[in-house]
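Construct the complete structure from the given sequences, taking the supplied hints into account.
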Amino acid sequence: MTTKNKRVRMLVEGALAVAMSIVLSYIDIPVGAFGGSVDFVMVPLIIYSVRWGVGYGLISGLVFGTLKFIMAGGTAVNWQSMLLDYSLAYMMVGLAGLIKNKSSMVWLSALVGCFGRFIIHFISGITIYAEYMPETFMGMSMNNVWFYSTLYNVAYMLPNTIVAVICCGVLGRALKKYIEGTDLK
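Position 122, counted from 1, in the sequence shown is what this note's numbering calls 122; the numbers after and before it change by one each time, with no gaps.
For the record, the hints were derived by calculation from the structure and aren't laboratory data.
Hints are supplied without guarantee of correctness; some may be wrong.
In the DMTMM-like style, the derived pairs of lysine to aspartate or glutamate whose C-alpha atoms are separated by at most 25 Å in a straight line are [unchecked claim]:
{"id": "1", "residue 1": "Lys-6", "residue 2": "Asp-183"}
{"id": "2", "residue 1": "Lys-100", "residue 2": "Asp-28"}
{"id": "3", "residue 1": "Lys-6", "residue 2": "Glu-180"}
{"id": "4", "residue 1": "Lys-185", "residue 2": "Glu-131"}
{"id": "5", "residue 1": "Lys-102", "residue 2": "Asp-183"}
{"id": "6", "residue 1": "Lys-4", "residue 2": "Glu-131"}
{"id": "7", "residue 1": "Lys-177", "residue 2": "Asp-28"}
{"id": "8", "residue 1": "Lys-185", "residue 2": "Glu-135"}
{"id": "9", "residue 1": "Lys-100", "residue 2": "Glu-180"}
{"id": "10", "residue 1": "Lys-185", "residue 2": "Asp-39"}
{"id": "11", "residue 1": "Lys-102", "residue 2": "Asp-28"}
{"id": "12", "residue 1": "Lys-6", "residue 2": "Glu-131"}
{"id": "13", "residue 1": "Lys-176", "residue 2": "Asp-39"}
{"id": "14", "residue 1": "Lys-4", "residue 2": "Asp-183"}
{"id": "15", "residue 1": "Lys-4", "residue 2": "Glu-135"}
Here's what the structure looks like:
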């Protein structure tokens, strides 16, 4: 495969990963009354990132996060929260590409990408959403914004991480040739 053809394929696969994630964003399970949900949107982004690497993974996550806000009813209190909670948070899912072309390690890639997303949501929680911290949350008194942000974000990111790790672990075996790039030779 020529370099030009490989680049075209990479771009098309990136667009397909983003499109699949957009479609999957409409299928979610709400978690608690406070917001957040469990879905499968990170799975295509992780698989794409592991196949093509962290750079392309970061770009696809950024594109998806921005489109998710626009197309899938995203909510934000200001442009900074839109940037952090959508564009940058999903961009960090592309960190899964740090473990490139390792089909047996896709589960670990998913963990890395999910952790990257969690960190951005955590930062958003301790900066932008600090002023919205309730007096009590999940039956506990809230006095520390760091604790509140951790608790809030773990409540929906932990189930999302479990879903992503399991799905990517299973798909890693099923898509071995794709993930390892042997289909490109």
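Verification of the hints:
For the given pair, Lys-6 sits about 11 Å from Asp-183 by alpha-carbon distance, which is consistent with the 25 Å threshold. About 28 Å separates the Cα atoms of Lys-100 and Asp-28, which puts this hinted pair outside 25 Å; it is violated. With a C-alpha separation of about 14 Å, the suggested pairing of Lys-6 with Glu-180 holds against the 25 Å cut-off. Using a Cα cut-off of 25 Å, the hinted pair Lys-185 and Glu-131 is violated, with the two alpha carbons roughly 54 Å apart.
Restraint check: the Cα-Cα separation between Lys-102 and Asp-183 comes to about 14 Å, which is no more than 25 Å; the hinted pair holds. Restraint check for Lys-4 and Glu-131: the C-alpha separation of about 50 Å exceeds 25 Å, so the hint is violated. A C-alpha spacing of about 30 Å is found between Lys-177 and Asp-28, which places the hinted pair above 25 Å, so the restraint is violated. This hinted pair does not check out: Lys-185 and Glu-135 have alpha carbons roughly 58 Å apart, beyond 25 Å.
Distance hint between Lys-100 and Glu-180 is fulfilled; the C-alpha atoms sit about 8 Å from each other, no more than 25 Å. Distance hint between Lys-185 and Asp-39 is unfulfilled; the C-alpha atoms sit about 34 Å from each other, more than 25 Å. At most 25 Å may separate the alpha-carbon atoms for a hinted pair to count; Lys-102 and Asp-28 exceed this at roughly 29 Å. Proximity of Lys-6 to Glu-131 is assessed by CA-CA distance (about 48 Å); at most 25 Å being required, the pair is judged violated.
Restraint check: the Cα-Cα separation between Lys-176 and Asp-39 comes to about 24 Å, which is no more than 25 Å; the hinted pair holds. Taking the CA atoms of Lys-4 and Asp-183, the gap is near 16 Å; set against the 25 Å cutoff, the hint holds. Between Lys-4 and Glu-135, the direct Cα distance comes to roughly 57 Å. Violation of the 25 Å bound is thereby established for this hinted pair.
Comparing the model with each earlier hint shows violations of hints 2, 4, 6, 7, 8, 10, 11, 12 and 15; every other hint is respected.
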